[in-house]
Amino acid sequence: MPLALLIGTRKGAWILRADAERETWTASAPHHFGSTVHHLVLDPRDRKTLLATVRTGHLGPTILRSTDQGETWTEASQPPAFPKPEGEEEGEGDKKKAVHHTFWITPGHASRPGHWYGGTSPIGLFESEDSGATWTPVTGFNDHPDFGKWASGESTPDGAKTHSIVVDPRDAAHVYLSLSGGGTFESLDSCASWAPLNKGVAIDFMPPGEYEFGHDPHCMVSHPEDPDRLYQQNHCGIYRLQRPETTWTRTGNNMPKEIGDIGFVYVVHPRQVDTGWVWPMDGTDVWPRTSPGGRPAAYRTQDAGETWERQDTGLPESGWFSVKRQCMTTDADDPLGLYVGTSSGEVFASRDEGATWSSVARHLPHIYSVRVADFA
Amino acid sequence: MIVHLPGLLDRYTQGEREQEVAGPSLDAAFRELDERFPGIRFRLIDEQERVRPHIRIYVGPEPIEDLAQLVPDGQAVHVIGALSGG
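Residue numbers (the numbering used here), protein chains in the order written: chain A, 558 to 933; chain B, 110 to 195.
Hints listed in this document are in silico derivations from the structure and should not be mistaken for laboratory results.
None of the values given here were measured: they were computed from a predicted structure.
Keep in mind that a hint or two might mislead.
Said to hold, decoys possible - As a list, the in silico SDA-like pairs of lysine to any residue whose alpha-carbon atoms are at most 20 Å apart:
#, chain 1, residue 1, chain 2, residue 2
1, A, Lys-641, B, Gly-116
2, A, Lys-641, B, Arg-159
3, A, Lys-756, A, Glu-769
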């Protein structure tokens with residue numbers, strides 16, 4: 558079946574279906590119209606189960622599941638929710654946390670069909686063992702003795718986020734996640750215990766010094782061919798880390814100085830460990846977060862961040878939109894397809910690994926996520 | 110009691126805007142509604158038993174936040190979507 562793009566927006570979700578050449582894309586009718594869809598993800602293990610994280614301005618957060626490409630949706634009977642604090646007394650209102658929205662969902666390890674992780678705002682980690690029907694808190698993280706310190710840092714404007722939940726394909730017990738703000742953390746024991754992993758990462762929004770956590774990773778990925786190769790687009794630069802090392806290298810220093818190394822996304826080429834893309838944004842002055850100079854472009858590296866090349870052929874010569882952290886992705890074709898969704902509701906695609914781009918959808922609401930689906 | 114529901118909840122109620130429930134408290138009323146329309150309660154009331162920030166519940170003319178509130182016989186309950194921007 559031809560590829561589809563799953564588009565989550567501030568006002569609903571759309572499924573864009575490609576022809577066999579990935580040249581023409583056709584948008585579905587809206588799903589969950591009027592609701593904010595932060596993330597819409599297909600389970601790669603069955604290529605059938607779609608999960609959407611949904612909330613509205615009035616109604617609280619929930620998760621909906623479809624197994625028929627969005628024809629019908631079933632709501633989770635137990636969406637992610639924090640427990641009531643034990644020994645509740647007057648004056649403990651700050652301990653009464655409520656999920657505002659589920660920001661991120663990640664399918665679990667291949668050995669655990671139906672298992673998913675969910676990251677929320679305010680910060681929290683949840684999991685489902687039944688393909689998203691019921692969700693429970695991951696207590697090893699949410700109740701960690703240091704959780705209050707990790708999750709108390711700077712917050713993004715619409716709430717602190719749990720994101721970039723990465724499961725090691727070699728080991729289901731090995732999980733990374735990132736917090737905005739808070740930093741990147743690692744668990745080696747199925748989320749029972751966690752440790753910060755932020756050495757070498759800048760933290761320009763704090764007084765000078767070394768910090769173990771409190772950083773603002775915008776997007777952290779591991780490479781599927783070498784899961785020990787991590788890349789990160791941070792609020793304060795672009796980084797690479799080869800485990801078991803623990804100190805990140807700022808490869809963003811190799812970006813052109815006039816462009817800088819601020820952005821939201823980092824995507825990797827699924828077959829080339831050293832190849833990846835970022836989408837720089839203007840982090841100068843008052844942080845417009847649009848492309849530097851109003852000239853949208855991807856930047857590609859083929860040597861793990863040692864050098865970068867601009868790729869903007871076919872993109873607008875002038876454009877004043879942002880590309881958020883879930884809004885750039887790839888397919889698995891050869892040559893590779895790249896897809897970008899903008900805050901102005903447009904989707905750009907490249908069928909040649911970023912060499913040329915074209916608009917494949919426009920006039921959508923503010924795009925919050927773009928993911929590829931290869932439905933069974 | 111009669112609970113008047115906003116259009117925000119049409120996807121749960123299939124467009125029905127009035128529901129008769131036994132109560133006698135608001136809490137009991139919303140639990141009954143949730144049995145009738147699974148999931149509806151969590152969209153209105155969070156996991157700490159607080160009415161969500163942009164939802165208002167009125168018993169007669171009075172805005173109510175305490176779900177233990179008993180609803181007098183014959184009194185209507187209105188669930189309203191508060192002003193909530195763009």
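Now for the hints, and whether the structure bears them out:
1. Lys-641/A x Gly-116/B: Roughly 30 Å between the alpha carbons, so the hint for Lys-641/A and Gly-116/B is violated.
2. Lys-641/A x Arg-159/B: 11 Å, holds
3. Lys-756/A x Glu-769/A: Holds, at roughly 7 Å.
Hint 1 alone, counting from the list given before, is not met by this structure.
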